[in-house]
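K.L.:
Each chain, written out:
There are 2 protein chains.
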Amino acid sequence: MSSSSTVDLSHHLSNEAKLRLPNPMKEIWRLARRKPNMVSLANGDPHSSLYPIKGLQFEVASLEEEDPVAAWRTAGPSAPSQILKSSRDDPCILPVQTAFQYTTGAGLVEAQQALTELANFYHNPPDHVVTLTLGNGDAVTKCFRLLGNPGDHFLADEFTFSALANAAVPQGIRWVPLKIDEGGLIPEELERTMADWNEERGPRPHVLYTVPCGQNPPGSTLTVERRKKIYELAQRFDLVIIEDDPYYFLQYTSPASSDGAEARALSPSFVSIDVDGRVLRVDSFSKIIAPGMRLGWITSSAFFHAHLVTYTDSATQHPHAFGQIFITELLGPAGWSVKGFDKWVRSLRNEYQRRRDLFLSLFEKEVGPTGLARAGTPEAGMFVWARINVERHPRFRRDTGAAGARTNCRQLMVELFEKCLDGGLVVMPASVFALTLDPKYNDAENPIEDRFNYFRLTFAGTEEAMREGLAILGLSLREFFEQK
Amino acid sequence: MSSSSTVDLSHHLSNEAKLRLPNPMKEIWRLARRKPNMVSLANGDPHSSLYPIKGLQFEVASLEEEDPVAAWRTAGPSAPSQILKSSRDDPCILPVQTAFQYTTGAGLVEAQQALTELANFYHNPPDHVVTLTLGNGDAVTKCFRLLGNPGDHFLADEFTFSALANAAVPQGIRWVPLKIDEGGLIPEELERTMADWNEERGPRPHVLYTVPCGQNPPGSTLTVERRKKIYELAQRFDLVIIEDDPYYFLQYTSPASSDGAEARALSPSFVSIDVDGRVLRVDSFSKIIAPGMRLGWITSSAFFHAHLVTYTDSATQHPHAFGQIFITELLGPAGWSVKGFDKWVRSLRNEYQRRRDLFLSLFEKEVGPTGLARAGTPEAGMFVWARINVERHPRFRRDTGAAGARTNCRQLMVELFEKCLDGGLVVMPASVFALTLDPKYNDAENPIEDRFNYFRLTFAGTEEAMREGLAILGLSLREFFEQK
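Residue numbers (numbering that gives the first Met the number 0), protein chains in the order written: chain A, 0 to 483; chain B, 0 to 483.
What the hints contain is simulated information worked out from the structure, not anything from laboratory work. It is possible that part of the hints are untrue.
All copies of an identical chain are treated as equivalent in the list; a pair is satisfied when it fits inside any one copy or across any two copies.
What the hints assert, rightly or not - Derived pair list, reagent style DSS-like, types lysine-lysine, alpha-carbon separation capped at 27 Å: (1) 364 <-> 338; (2) 227 <-> 418; (3) 25 <-> 418; (4) 439 <-> 418; (5) 34 <-> 418; (6) 439 <-> 178; (7) 364 <-> 418; (8) 483 <-> 17; (9) 338 <-> 84; (10) 17 <-> 439; (11) 84 <-> 178; (12) 342 <-> 364; (13) 178 <-> 227.
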């Protein structure tokens, strides 16, 4: 985190962000710093002697074993563990009386330091700083508020995690879908969309929202070459990139090379090559620790950081003390440290890679012989994007003329989904991940509804669920495709 | 929480709230419930066997003593305590593998139940439900988003906690200040403002934001009579009330009657008399447990609850597992239970009442003899609103003609504030709490700047801070008022 970004990106701020006022009490506190030992009758903070909390303990996995995740998962109650502590009366990094006070939206200095160390270890971003968040949803939607005015256009993969993309819609942000292939976002599609933009449609997109690793749902991961091209296009067309990367730590080798091999090197993130300060990178502990953590961080330029902190002060306020203590002690010398954290996530990566490979071999066995579906091979994340070969169905039709679509793909997929449900299997159909967009701007030659022939399937569940689920899928496909 | 509210209040929703889409995956999960024992390949949730967390422990105050707060505050490390636990392997209300999963914005059922029991114990609101929040700031700003369109007018006390009120401004909400007296919001001022509203100014206010107990900064508390009148006016003028009540549990008897007396009965809240479902009540643990909790709750009609949950799903997502475990176990049979919680807050109330009375007696000794300032006697909260008798200053002038103001009150108060800082004391001047408003609608006869002659002083700090601080204040006043 050295050197200095010089590009002025203030025109990307939303009007809300520009209008937001800092807390006027901050100015009073600033003035009060002119003398040491100032007596304060200013703040209405409950005195820490009145917090009814003496200490917290978290019992977490120990990292003694070579493969700590496998040991932890299989050993049950006797699994080796270690204790993280915060106390009112005993030494620790974040004692109760410090951690449980009001802080600013930036969070506690100790927690920021811990996450800065982690961000540097993996990304070493040029001249960026860390802002604590309340998890991924909080982080991404704060970025939307920071950058989006009503009527603005944002770019994203045409299939994306809809709960998050939809969150921007009531704010007046309009999504512009980018076609994808198995490698995810196609730089040439991005270039074409920006270069051919018709201003009559409204302002040209100025934000790209992307999940570079294990994109949800298609499971795609951007190559280094695509990342570089996309960043260059962001510079050329003045785009801000929201890099939402919850699956960063779950990147896999190809199935052929994975047997016993070392975990693969992690792809360089957008933030690691961000010389302009135009990347807001969102990190999450939900997939590698637990979803209930509700603590994560954004890595961005100091400029965007300052606006994120002001917004946080005016909305959620600072993150909870519990999670800040947990993560500070976990990454600290009495916990795992960053090196131990890396050991855990490497081991976790191997665990999920085994699950992915098991899933793919079960798919090959149960579904492969039907010839009716094909599984992609995700290089990251938790999802297999399975293409259903819908054009082989006896009732498949082209040029149906139904609302925009040129085939009856959508209808057949609804029926197949129902067939699976009747068989006792629930999957996520592609339709729920299609970006909400103005039908006027759907691609008339190649409308998105004709690409609804995918199911998102996860390998994050149990082995039993994979075995049973894929058997049901194979059977449902066979029966459904025999229908006249 | 019986009977049923019948008033349709859907016209109060903001356009954002109306446009917000529920997560489309919810529909899939709903369909999947048609059969038991469905196999799922749908959700990308990390399996709980991979959470590296085995258990959590919170060591909290025990309630054995008659006056548990006094015992806890004075006993130091040997203070009697009890342990709250959540475990992966041992029985508890919220085991790790349940608490740390993804949940909806409504939070975990067990935590909702615990807070519902608490809300019923104190308010027994007619036909209302509880929504978990991430603390007071999160709750109030979510209410602003739920109800406010750009250009809308909201009502509030003219001096109010500015960090929160300012949060609504970038969203386009315009504040309409209501004049207050020592008893807080004056019902007749509310009636006059609504009845005399000139539509040329824009849409008539439809939301009242109010802090009924220990209003910050003036420390005022609404009488039962005022509450009833205000609720009737809300019905007559179709107002939604945001009842922000962080100091509810810190209500005091008058100084004369407080010596050894039982803690006073808590005033009936707006939500307890809300037959229409037009009150959104915001509760916080920050003042009675600790600010770092970042967990609270809103009590509202089921209608507003549903919109709050959808918004939470589209923004912060559900509250952190840590706080949900803490509060569920604390209020549960293995913790304090609601009865024990009530014992703690009664004891805490006595503690703050002692501090208030000490503060007032010190004020009487150090400042009273000057005749230059007068302390209000707050019946709740953490603040004394001290009136500075600025008109006694040799340089006090009327009809100065300076920007709106009719006196030089504002300027003299800036000087007095600086004088206190030079003496080593920091206080909060009234100016930082003045609502941001369009100068065009300032009261020309009685502009707010001429009422800036107040300091907000807290009695929440240490006895030493009160002694030293009030001595400095007395001295600063004397010296400042001798200036020619």
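K.L.:
Run every hint past the structure and note whether it holds.
P.N.:
Hints versus structure:
Proximity of residue 364 to residue 338 under the C-alpha cut-off of 27 Å is found in neither arrangement, the shortest distances being 39 Å within a copy and 59 Å between copies. Taking the shortest Cα distances, residue 227 and residue 418 never come within 27 Å of each other, neither inside one copy (43 Å) nor across copies (58 Å). For the identical chains of this complex, residue 25 and residue 418 are inter-copy neighbours only, at 19 Å across copies versus 60 Å inside a copy, given an alpha-carbon limit of 27 Å. Taking identical chains as interchangeable, the C-alpha atoms of residue 439 and residue 418 are never at most 27 Å apart, the minima being 32 Å within one chain and 65 Å between chains.
When the C-alpha separation of residue 34 and residue 418 is checked against a cutoff of 27 Å, the pair qualifies only between copies, where the shortest distance is 13 Å, while the shortest distance within a copy is 74 Å. In this homomeric assembly, residue 439 and residue 178 come within 27 Å of each other (Cα to Cα) only inside a single copy, at 17 Å, whereas the closest approach across copies is 52 Å. Taking the closest pair of Cα atoms, residue 364 and residue 418 come within 27 Å of each other only inside a single copy of the chain (20 Å); across copies the shortest separation is 82 Å, beyond that limit. Neither within a single protomer nor between protomers do residue 483 and residue 17 lie at most 27 Å apart by alpha-carbon distance, with minima of 60 Å and 43 Å respectively.
Taking the shortest alpha-carbon separations for residue 338 and residue 84, only the intra-copy value of 19 Å comes in at or below 27 Å, while the best inter-copy value is 29 Å. Taking the closest pair of Cα atoms, residue 17 and residue 439 come within 27 Å of each other only across two copies (23 Å); inside a single copy the shortest separation is 32 Å, beyond that limit. When the C-alpha separation of residue 84 and residue 178 is checked against a cutoff of 27 Å, the pair qualifies neither within a copy, at 48 Å, nor between copies, at 49 Å. Taking the shortest alpha-carbon separations for residue 342 and residue 364, neither the intra-copy value of 33 Å nor the inter-copy value of 63 Å comes in at or below 27 Å.
For the homomeric pair residue 178 and residue 227, the shortest alpha-carbon distance inside one copy (18 Å) is at most 27 Å, but the shortest distance between copies (59 Å) is not.
Taken one by one, the earlier hints fail for this structure at numbers 1, 2, 4, 8, 11 and 12, listed in ascending order.
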